[in-house]
Amino acid sequence: MIVAILYYLLVAYVSGLMVWNIWKSRKGQEEALYVIVLIPFLLRLLRLK
Amino acid sequence: MKAAARKTVFLALGATLAALAGASFDRSRRLREPVVLGPGVQEVRPLSSYFSKLKGTANDANVYLLEGAEAGGAVLVLGGSHPEEPATRLTAWILAEQGEVDRGRLFVVPSANRSATTVTRPSGAYPATFSIKTPWGERVFRMGDRWSNPLDQWPDPEVYIHYPSRQNLAYVDIRNLNRCWPGRPNGTLTEKTAFALAELIRREKIDLVIDLHEAELQYPVISTIVAHQKGQDLAAMASMMLSGDEFKIGVENSPPALRGLSHREIGDHTQAIPLLFETPEPFLDATRGRTDARLLLEGKDDFVVRAGRHGLLFEKIDEKGWPIDVRVGRHCSTLLTVLDVWSGDNPARAVSLRGIPRYAEVVAKGTGAFLRDPSKPGPGGVAFE
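Going down the list, the protein sequences come from chains A and B.
Position 34 of the first sequence, counting from 1, maps to 34 under the working numbering, and the rest follow consecutively.
If you count the second sequence from 1, you need to add 49 to reach the working numbering.
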């Protein structure tokens, strides 16, 4: 259970990093890529997949 | 477009996609599958009644008890050890909705790994659900996966060390019920599930455990009964009778060195004789084409047929495929034949079951002919998987 909670915290941290990268990026292509990569992290964080 | 506006549009698009996908996953995860309790079902009890730590978890499965008026033996049938093998769950449904026991007791678990029924294989493009046509409409079932849902058990280790043998197995198989036998009371959800089922077997003095499965045609253990050494004679006799009268089915010995499987660990750790039935399911073959509900139910695939022409398969396939009715019919007939042989050899522990169709009848009428209409339940009512 503790390990699972740590993994969810990791997912939240990486999701936050990706949102930060979207905000800092200057290239539209990179921003689109970050958004696509973010989706499965969000689904896991929200316990949907 | 300004950068801030562009980023906002991308994030909004991503959120919309995530919401649509999430809603789809959540809908299939929560789909309620009715089981119309047939005339033979005396009781539906939760698996947690044998191991309280399962209470409130995804794997607190329903156990359907069919008990005869005469005393006899006890048999446990497991469907859905691997829910992506749908003939196993459908056979269990037919047992619960049609079966009547005259002698002994029959325990049926249609969703042995219930968590695994709530997820499909990532990147597999599996259908979330499939439908079976019946004379009164359609019944919808969850597709499921081979492994427990990661939402219920996560993360996986680098290597799965099986308990109690300490054999190293593939990491993902820590969520595979048929690699977690005999289970562990303080283990993962899947190990606890196996332990609860083992407790059921011990406490109810089960004589025979039938674990229903399906296999890809590229897998050598197919169209067969896998038997622990305690059940080799029983399996061999059933195989001979079935191969002579209905369809060809072989016998495989359970390898003593391959740990975690029902046909090995139940035989080693309980008094019961475990048998595992395999039918062919082309949907599972790696060389398949489009992975949809049609392939799941019709079992027809040109790529798998071509693999057969190259000698890559362990079971025959032609343009007729392996339809779900053939696979369900094989499981029904194999179960009935095993019960006949067992009861003949062990009259004091006989189990007499009626109301279950044999192979030819399922193929002729279709699986749906043996599913009851949940809008018109009998006196027993309806349970939900």
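Fair warning: there could be bad hints in the mix.
Claimed, not checked - Straight-line Cα separation of at most 30 Å, DSS-like style, residue types lysine-lysine; simulated pairs:
| hint | chain 1 | residue 1 | chain 2 | residue 2 |
| --- | --- | --- | --- | --- |
| 1 | B | K349 | A | K24 |
| 2 | B | K414 | B | K182 |
| 3 | B | K414 | B | K349 |
| 4 | A | K27 | B | K56 |
| 5 | B | K102 | B | K297 |
| 6 | B | K414 | B | K425 |
| 7 | B | K349 | B | K369 |
| 8 | B | K365 | B | K425 |
| 9 | A | K24 | B | K56 |
| 10 | B | K365 | B | K182 |
| 11 | A | K27 | B | K369 |
| 12 | B | K254 | B | K102 |
Claimed, not checked - A short list of chain B residues far from chain A (calculated; beta carbon distances all over 12 Å):
| hint | residue |
| --- | --- |
| 13 | F59 |
| 14 | L60 |
| 15 | P88 |
| 16 | P406 |
| 17 | A418 |
Keep in mind the hints are simulated off the structure, nothing from the lab.
Backbone N, C-alpha and C fix where the C-beta goes; we use that ideal spot for every residue, glycine too.
These are the hints, each one checked on the structure:
1. With a C-alpha separation of about 51 Å, the suggested pair B/K349 and A/K24 falls outside the 30 Å cut-off, and the hint is violated.
2. Between the alpha carbons of B/K414 and B/K182 the distance comes to roughly 11 Å, so the proposed pair stays at or under 30 Å and holds.
3. Proximity of B/K414 to B/K349 is assessed by CA-CA distance (about 19 Å); at most 30 Å being required, the pair is judged to hold.
4. For the hint linking A/K27 to B/K56, the alpha-carbon distance of about 10 Å falls within 30 Å, and the restraint holds.
5. Of the pairs offered as hints, the one joining B/K102 and B/K297 is violated, with about 42 Å between alpha carbons and a cut-off of 30 Å exceeded.
6. At most 30 Å may separate the alpha-carbon atoms for a hinted pair to count; B/K414 and B/K425 meet this at roughly 21 Å.
7. Proposed proximity of B/K349 and B/K369 is supported: the alpha carbons are some 6 Å apart, at most 30 Å.
8. Restraint check for B/K365 and B/K425: the C-alpha separation of about 41 Å exceeds 30 Å, so the hint is violated.
9. Annotation: proposed proximity of A/K24 to B/K56 holds, straight-line Cα distance about 10 Å (limit 30 Å).
10. Between B/K365 and B/K182 the alpha-carbon distance is near 27 Å, which keeps this suggested pair within the 30 Å criterion.
11. For a cut-off of 30 Å, the pair hint linking A/K27 to B/K369 is broken: about 53 Å separates their Cα positions.
12. The straight-line distance between the Cα atoms of B/K254 and B/K102 is roughly 21 Å, inside the 30 Å bound, and the hint therefore holds.
13. Chain A draws B/F59 into its interface by the beta-carbon criterion, the shortest separation being 5 Å against a cut-off of 12 Å.
14. For B/L60, the condition that its CB be more than 12 Å from all CB atoms of chain A is violated, with the nearest at approximately 6 Å.
15. Under the 12 Å C-beta cut-off, the non-interface status given to B/P88 relative to chain A holds; the minimum distance is some 40 Å.
16. Residue placement check: B/P406 keeps its beta carbon more than 12 Å from all beta carbons of chain A (closest about 38 Å).
17. Residue-level check passed: B/A418 sits 35 Å from the nearest beta carbon of chain A, beyond 12 Å.
Going through the hint list in order, the structure does not satisfy hints 1, 5, 8, 11, 13 and 14.
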